[in-house]
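Chemist: Residue numbers (the numbering used here), protein chains in the order written: chain W, 1 to 295; chain E, 1 to 326; chain U, 1 to 316.
Hints in this document: simulated from the structure, not taken from any laboratory.
From the structure, some residues in chain U lie toward chain W, with a derived Cβ separation under 7 Å:
#1 A26
#2 A141
#3 V142
#4 P143
#5 F145
#6 W146
#7 I149
#8 V153
#9 V157
#10 A252
#11 I255
DSS-like, lysine-lysine: derived pairs with alpha carbons at most 25 Å apart:
#12 U/K163 with U/K179
#13 W/K257 with U/K163
#14 E/K130 with E/K120
#15 W/K257 with W/K58
#16 U/K179 with U/K158
#17 U/K158 with W/K257
Idealized CB from N, CA, C, for every residue including glycine.
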Amino acid sequence: MSMQQAQPASLLSRLTRGNGFWARALRHRSFLAGGFLSLLLVLMAVVSAFWTPYDPTKMNFRLRFAPPSAEHWLGTDHFGRDLFSIILTGAQNSILVGVVSVAIGLSFGVALGLLASARRGMTEELVMRFSDFAFAFPAILLAVMFVAALGPGSANAILAIGVYNIPVFARLSRGAANAVWTREYILAARTAGKGRLRITIEHVLPNILPVIIVQATIQFALAILAEAALSYLGLGAQPPAPSWGRMLSEAQTLIYKDPMLAVYPGLAIALSVLGLNLLGDGLRDIIDPRLSRRR
Amino acid sequence: METVLEADRLTVTLQTAAGPARAVRDLSFSLQRGRCLGIVGESGCGKSMTALAIMGLLPEGAHTAGRVLLHGEDLLALDDARMCAIRGDRIAMIFQEPMTSLNPLHRIGDQVGEALRLHKRMGRREAWEKALFLLERVGIPDPHRRIGQYPHQLSGGQRQRVMIAMALANEPDVLIADEPTTALDVTIQRQILDLIQDLAAETGMGLILISHDLGVIAENADDVLVMYGGMVVEQGSSEAIFRRFAHPYAQGLFAAIPKLGAGRDTRLRTIPGTVPDIADLPPGCPFQNRCPRAEAVCAVTVPPMERVGEGHRAACLFLDKAEAGA
Amino acid sequence: MSVFLFKRLLTFLVTLLAASMLTFAALELLPGDPALVILGIDASPDAVAALSREMGFDQPAWLRYARWIGGLLQGEFADSYTYKVPVWELIRDRLIITVPLAVFAMVLTTIFAFLLGIYAASRHNRPGDVLVMGFSQLGIAVPNFWLAILLIVLFAVKLGWFKSGGFPGWDAGFWEALKALLLPAIALATVQGAILARFTRSSLLEVMREDFVRTARAKGLSRRAVLWRHVLRNALIPVVTIMGLQFASLLAGTIVVENVFAIPGLGRLIFQSIGNRDIVVVRDVVLMLAALVVAINFLVDLLYAVIDPRLKAHDI
Chain W
1 MSMQQAQPAS LLSRLTRGNG FWARALRHRS FLAGGFLSLL LVLMAVVSAF WTPYDPTKMN
61 FRLRFAPPSA EHWLGTDHFG RDLFSIILTG AQNSILVGVV SVAIGLSFGV ALGLLASARR
121 GMTEELVMRF SDFAFAFPAI LLAVMFVAAL GPGSANAILA IGVYNIPVFA RLSRGAANAV
181 WTREYILAAR TAGKGRLRIT IEHVLPNILP VIIVQATIQF ALAILAEAAL SYLGLGAQPP
241 APSWGRMLSE AQTLIYKDPM LAVYPGLAIA LSVLGLNLLG DGLRDIIDPR LSRRR
Chain E
1 METVLEADRL TVTLQTAAGP ARAVRDLSFS LQRGRCLGIV GESGCGKSMT ALAIMGLLPE
61 GAHTAGRVLL HGEDLLALDD ARMCAIRGDR IAMIFQEPMT SLNPLHRIGD QVGEALRLHK
121 RMGRREAWEK ALFLLERVGI PDPHRRIGQY PHQLSGGQRQ RVMIAMALAN EPDVLIADEP
181 TTALDVTIQR QILDLIQDLA AETGMGLILI SHDLGVIAEN ADDVLVMYGG MVVEQGSSEA
241 IFRRFAHPYA QGLFAAIPKL GAGRDTRLRT IPGTVPDIAD LPPGCPFQNR CPRAEAVCAV
301 TVPPMERVGE GHRAACLFLD KAEAGA
Chain U
1 MSVFLFKRLL TFLVTLLAAS MLTFAALELL PGDPALVILG IDASPDAVAA LSREMGFDQP
61 AWLRYARWIG GLLQGEFADS YTYKVPVWEL IRDRLIITVP LAVFAMVLTT IFAFLLGIYA
121 ASRHNRPGDV LVMGFSQLGI AVPNFWLAIL LIVLFAVKLG WFKSGGFPGW DAGFWEALKA
181 LLLPAIALAT VQGAILARFT RSSLLEVMRE DFVRTARAKG LSRRAVLWRH VLRNALIPVV
241 TIMGLQFASL LAGTIVVENV FAIPGLGRLI FQSIGNRDIV VVRDVVLMLA ALVVAINFLV
301 DLLYAVIDPR LKAHDI
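Chain W with its partners taken away, still in its complex shape (with noise of 0.2 Å):
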């Protein structure tokens, strides 16, 4: 489904009636307040990608600490780089953090919800009691050994997050999968003889699918605090890559002398994350809204 610029008010309004998804998205606030978010996320990334006011790794030591200005709109840090383009350039980090691990998470996570909800019997117990386990075993721990044992950097603790939320997904796709199963017109194809594989891909998937896209959307939001706080105790991304996490633990250091720093690394995750748990939200309401009301 595309949707059109919106061109004059009456184009608005009649793209807000009814009872379609994009209608009902229109009307939702907190999903238009989300999804305006999550895009400014998205467009700093892609814009840093190309251009930035500065070169967010120069240093300029005649330059340190400079308050906001014309020329730099947040300041300079403590090596005199402008913050505006650090902030800017740090977004890309959070968007590989999110994207990568929730891939690893989605795919191997659903892949084996289906399994259970397909095959049932001891592999349906396998699966749920390791996620059951996963989920007994607190995150952030889970993430701080794995990136101890593999040796900080940011793959690995994209990894880490990533094999944290293979469980989640497990569980939640083998639920909603076990649904799917119960109706009749699974039941119609099984009697016309198709396989359990060939029902799942074709019947299964497609129905779960928007379940698991808001999902994917809250574990997103999760995995850039995750990468965060791994960055900010300095086993997540290296210098001199740019990261909201890293900022905020250099800033530390440095309260006394400018407090600022600590500020707008931090702001950038607050609003990030809000941005993406409140598209999730939405999205969960405009798809279903039954299922708002379920959590």
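Here the structure of chain W is known, so what remains is to put chains E and U in place on it, guided by the hints.
Modeler: This is chains E and U only, laid out in the frame that chain W set:
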């Protein structure tokens, strides 16, 4: 006869997704001490909303107009605090779903005693004793054991008896029973209805019995209101109404009851069409779309209540014709 | 013992076993020869090999795992490579800081969440509700370590009411120690409190739609009385589960927050030990934390039986 409860052009407007909907329109009745008023109609006709309006427990965003007088005092004009003093004390209500209408985490005795402690300022022990008496009175076997149990340990019929005990705790002037037996087994339905009748006769309270089942109403009610699309379409004494239904809807409803002794090949008559959505009622008579006697005028004129016989009125523009056909 | 309790206990033990294996396996991957870590980079290869043999580092993994678990079961802890004292002593000194911190944070979380959740639910869809829910969305999005830094900036740097970090020890007096834990506890509690407030609200709203709530109103109870006497306890059942998980998150969250405030607790110990490649400390502390987490979830299950009579009748 002493009138305990009176409704005077009661109107309830609900806030729905599709806009405001008049769930009850210009409903009037009076209930005497010791009498049973039956309200009958299909689901969505406004029966339950009438009950909730009397109780002051309408869903949020609902508006009321008209008056509901309890011993002459207008309940609709009271604020919630004043209404709380009347609810459960002067007016009590029994709900349709005994399985979910009791708090699963509180003991039976505490739930029955709660209204006593609230309105009669009884202490815990005194309320417990009275609750035990009430449970015995509503025919719960082994009340000494049951009183300390939780709802999940009781059967549906027993739970409905508990609901009755709860409603009767303060000997109200008016008892509203909203489909009290619909969720129960057929064998228990009769027992529960008899119990309610006995208790009502014993205490002299006015009883409003709401049901979709014309049979239940016929057996229990002294006066009857037939509702359709939020409106009263026929009203009168049980005797007069069941002797001769005047409104085509009531006639259809009666014809739809399977009759004992009717031949096996007698087709059960049903009313064609479905209940209209109250948010989207046509102008004029609400029954026009399903009525066998509807004419063009029915689409524009809301039929007024007209006298059919002694204490018997109905709202149809073609009453004479209807009677002729009956 | 009842079936319910037995099942929970079994899960408890199996989870602990799995946690110990996972921890051990993860640390096997840790690069660096522990003997080299102990002796320092300048040590001769012969000395490293000798120590490896002496400490059993050259033995197969399953044997070392068995020895570790066997030792723990007999209450024997290995010596830390870096601190040269039994790990238990290290843990003991830090447990008395981290557990109070987590409990403190949990108390704040609960107060915060219940006040806001009940307030929001009682003004469902009115401005107060919308405002509280908006703020809680914000609270969920804020990284706890950032909040910690902001608290330091505001209360330590600008206002000077608190120290920017450190812990004076319980010997310095109860209130003094508690004061040092206040900012870290707030940093931990804000995020979890926001999550719990939302959850409490939706749980309350769900119960408010139940039939028995209407019954209670029909008895003449006011909205407020119904909320306190009938709704709250029913709504608490799902909330308690979340609280159990949250306490686990708080314990784990101390890894980050203790580092922000330089509080010498378990979180900081594990983080430093990872940096020092002090495997024996890491594995014991991780297992300790995992045991705490699992034990809390076990307690939550028991708490259910207290709240919900339906469970008592069937399972206990």
